[in-house]
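So the protein lines, in turn, are chains A and B.
Heads up: the first sequence is residues 1 to 99, going by the UniProt record's numbering.
Heads up: the second sequence is residues 1 to 469, going by the UniProt record's numbering.
No lab work stands behind these hints, which were simulated from the structure alone.
Check before you lean on any hint, since a few could be wrong.
No farther apart than 16 Å at their CA atoms in a straight line, the calculated lysine to aspartate or glutamate pairs in the EDC-like style are these [to be verified]:
1) A:Lys37 - A:Glu85
2) B:Lys307 - A:Glu12
3) A:Lys19 - B:Asp297
4) B:Lys157 - B:Glu136
5) B:Lys307 - A:Asp71
6) B:Lys157 - B:Asp297
7) B:Lys442 - B:Glu401
8) B:Lys157 - B:Asp133
9) A:Lys49 - A:Glu75
Since this is a predicted model, take the numbers as computed values, not measurements.
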Amino acid sequence: MQLTLEFGGGLELLCESVKIHKVNVDPPNGTEKFIMKDLLSWVCTNLIKERPEMFMKGDSVRPGVLVLVNDCDWELSGQLDTTLEDKDVVVFISTLHGG
Amino acid sequence: MEINGGGGSAADVSRILSELETLKTVKSDIDRRISALEAQLRDTTNIEDKNDSVSNGSCPLISAVHSNINHDLTPDSVYRYSRHLLLPSFGVQGQSNLLKSSILVIGAGGLGSPALLYLAACGVGRLGIVDHDVVELNNMHRQVIHTEAYIGQPKVKSAAATCRSINSTIQIVEYQEALRTSNALEILSQYDIVVDATDNAPSRYMISDCCVVLGKPLVSGAALGLEGQLSIYNYNGGPCYRCLFPTPPPTSACQRCSDSGVLGVVPGIIGCLQALEAIKIAGAVGEPLSGRMLLFDALSARIRIVKIRGRSSQCEVCGENSAFTQQQFKNFDYEKFTQAPLSTLPVKLNLLPEDSRISSKEYKEKIDNGEAHVLVDVRPEHHFKIVSLPNSINIPLVSLEVRLPEISKALKEEEERKAGASLYVVCRRGNDSQRAVQCLQKMGFNSARDIIGGLESWGRDVDPNFPTY
Numbered sequence: 001m002q003l004t005l006e007f008g009g010g011l012e013l014l015c016e017s018v019k020i021h022k023v024n025v026d027p028p029n030g031t032e033k034f035i036m037k038d039l040l041s042w043v044c045t046n047l048i049k050e051r052p053e054m055f056m057k058g059d060s061v062r063p064g065v066l067v068l069v070n071d072c073d074w075e076l077s078g079q080l081d082t083t084l085e086d087k088d089v090v091v092f093i094s095t096l097h098g099g
Numbered sequence: 001m002e003i004n005g006g007g008g009s010a011a012d013v014s015r016i017l018s019e020l021e022t023l024k025t026v027k028s029d030i031d032r033r034i035s036a037l038e039a040q041l042r043d044t045t046n047i048e049d050k051n052d053s054v055s056n057g058s059c060p061l062i063s064a065v066h067s068n069i070n071h072d073l074t075p076d077s078v079y080r081y082s083r084h085l086l087l088p089s090f091g092v093q094g095q096s097n098l099l100k101s102s103i104l105v106i107g108a109g110g111l112g113s114p115a116l117l118y119l120a121a122c123g124v125g126r127l128g129i130v131d132h133d134v135v136e137l138n139n140m141h142r143q144v145i146h147t148e149a150y151i152g153q154p155k156v157k158s159a160a161a162t163c164r165s166i167n168s169t170i171q172i173v174e175y176q177e178a179l180r181t182s183n184a185l186e187i188l189s190q191y192d193i194v195v196d197a198t199d200n201a202p203s204r205y206m207i208s209d210c211c212v213v214l215g216k217p218l219v220s221g222a223a224l225g226l227e228g229q230l231s232i233y234n235y236n237g238g239p240c241y242r243c244l245f246p247t248p249p250p251t252s253a254c255q256r257c258s259d260s261g262v263l264g265v266v267p268g269i270i271g272c273l274q275a276l277e278a279i280k281i282a283g284a285v286g287e288p289l290s291g292r293m294l295l296f297d298a299l300s301a302r303i304r305i306v307k308i309r310g311r312s313s314q315c316e317v318c319g320e321n322s323a324f325t326q327q328q329f330k331n332f333d334y335e336k337f338t339q340a341p342l343s344t345l346p347v348k349l350n351l352l353p354e355d356s357r358i359s360s361k362e363y364k365e366k367i368d369n370g371e372a373h374v375l376v377d378v379r380p381e382h383h384f385k386i387v388s389l390p391n392s393i394n395i396p397l398v399s400l401e402v403r404l405p406e407i408s409k410a411l412k413e414e415e416e417r418k419a420g421a422s423l424y425v426v427c428r429r430g431n432d433s434q435r436a437v438q439c440l441q442k443m444g445f446n447s448a449r450d451i452i453g454g455l456e457s458w459g460r461d462v463d464p465n466f467p468t469y
């Protein structure tokens, strides 16, 4: 399954300053669905190169990070349980405070 | 070469500066008096016009004979705002709504500058400006409402003067103070719409909560580096800031423009969009950006508009069971809640014992005495490129541990030149240098010491010509 992952608002600094990642992922052994929870642990293992605490807290993203699945807040699609499909675009964005 | 050509001295410079300051103050006072008199004149003329039309009911004014006007725009307003009136989707009704509206802009910085320029120009009836800061030279690249003549003066004063010079027909209200829970209710309650153009997390929570308890729509923008974000909160059943971010982010995730940098035009774009959204709400036109968020990435020239969650019934401030009152707002400690200060003053850490630190003056003496030493500058590489002290070696804090051999090597070489080489660490303000010394001492560099206050103190106490940033 191919996904496009985007990091913004400073989160890209955790993955060597690369904002857009086209990745191939597969459902974990023994399951058919690939959900956001699976994606978070995949991202932590494969993309986050430093300060993982700036991305995750517990089993979800840290406070202040918005997660968008196909341009839609993941709160509206089931958060960690959101099922991902081929060609989905997932955006992780850290909220900004500057002005 | 004699710099002051005509035999001038420091006393002359100081006299000229002081005279300039006095003249500027007098000038701004005169400007203010002119604006006030002009406004008074307008009011008087308006009243006379109205009296005329009432008392001379049997003998209507010429204009009333030749024109049929079904709105309250004055002839001057018709001309001034004609390009708005010509828009079918905005027109007389939109402009009339705008002239009757009041908008408060909190922050006259990178976001507030363009927002205020457009809000003043477009004819918002009453425009409030809140800011406690003064104009600085390093603001000028993005805070385009201010001019060099106002450096050192309050941003509110400077912004208000520019707004008045663009549109003398609207009311501008100045709040030269920091927004706090103690004054926020009183100030915000006097406006229809609030624009958050601040630069820190506690202010954002405080302003959103205040808008919820007062029932005001909030146009919220943010910008940093090469990215910007924009949304409208607490409007037409949409979410508030806390619905979206119930828990504050860790302080390490809250970067400031003064640390991370910002391309001037980026807050400019977001500030313009804030003005646009405020105008749409005030004019009652279009679809304001509520329940959606705009994400702007300048470098890739991408704007993404995403759908965000609606109002959360669980929200502690605007949710169904919330009992967040004005009194609770007043007592809420936003600095404690977000673990961050409302002001943007940089923090001063104190992590090391006194004998592990030296002042920039003491370091200067050590150079002058030719003392053997190695100076490690732990700032990021792009900071080091701006300016650095002679003979310092750049090893950024993040890569310190893996680059320890370079320090050992440098110390060894210095030791060969002259015995008893010591190790000093410097950074921009003296915080990271302390972290670095802690790390170095743990790794066996027991003599490592940091320069208190970093390059900022060098520029202040040793070499006034050393560039600060």
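Structure-based check of each hint:
1. Of the pairs offered as hints, the one joining lysine 37 of chain A and glutamate 85 of chain A holds, with about 14 Å between alpha carbons and a cut-off of 16 Å not exceeded.
2. Under the criterion of a C-alpha separation no larger than 16 Å, the hint pairing lysine 307 of chain B with glutamate 12 of chain A is inconsistent with the structure, at around 22 Å.
3. Only pairs whose Cα atoms come within 16 Å are accepted, and lysine 19 of chain A paired with aspartate 297 of chain B is accepted, the gap being roughly 10 Å.
4. Distance check on the hinted pair: lysine 157 of chain B and glutamate 136 of chain B sit about 14 Å apart at the alpha-carbon level, within 16 Å; holds.
5. A threshold of 16 Å between alpha carbons decides the hint, and for lysine 307 of chain B with aspartate 71 of chain A the separation of about 6 Å falls inside it, so the pair holds.
6. Between lysine 157 of chain B and aspartate 297 of chain B the CA atoms are separated by roughly 32 Å; this puts the pair beyond 16 Å, and the hint is violated.
7. Between lysine 442 of chain B and glutamate 401 of chain B, the direct Cα distance comes to roughly 11 Å. Compliance with the 16 Å bound is thereby established for this hinted pair.
8. This hinted pair checks out: lysine 157 of chain B and aspartate 133 of chain B have alpha carbons roughly 10 Å apart, not beyond 16 Å.
9. Pair hint lysine 49 of chain A plus glutamate 75 of chain A does not hold up; C-alpha atoms about 26 Å apart against a cutoff of 16 Å.
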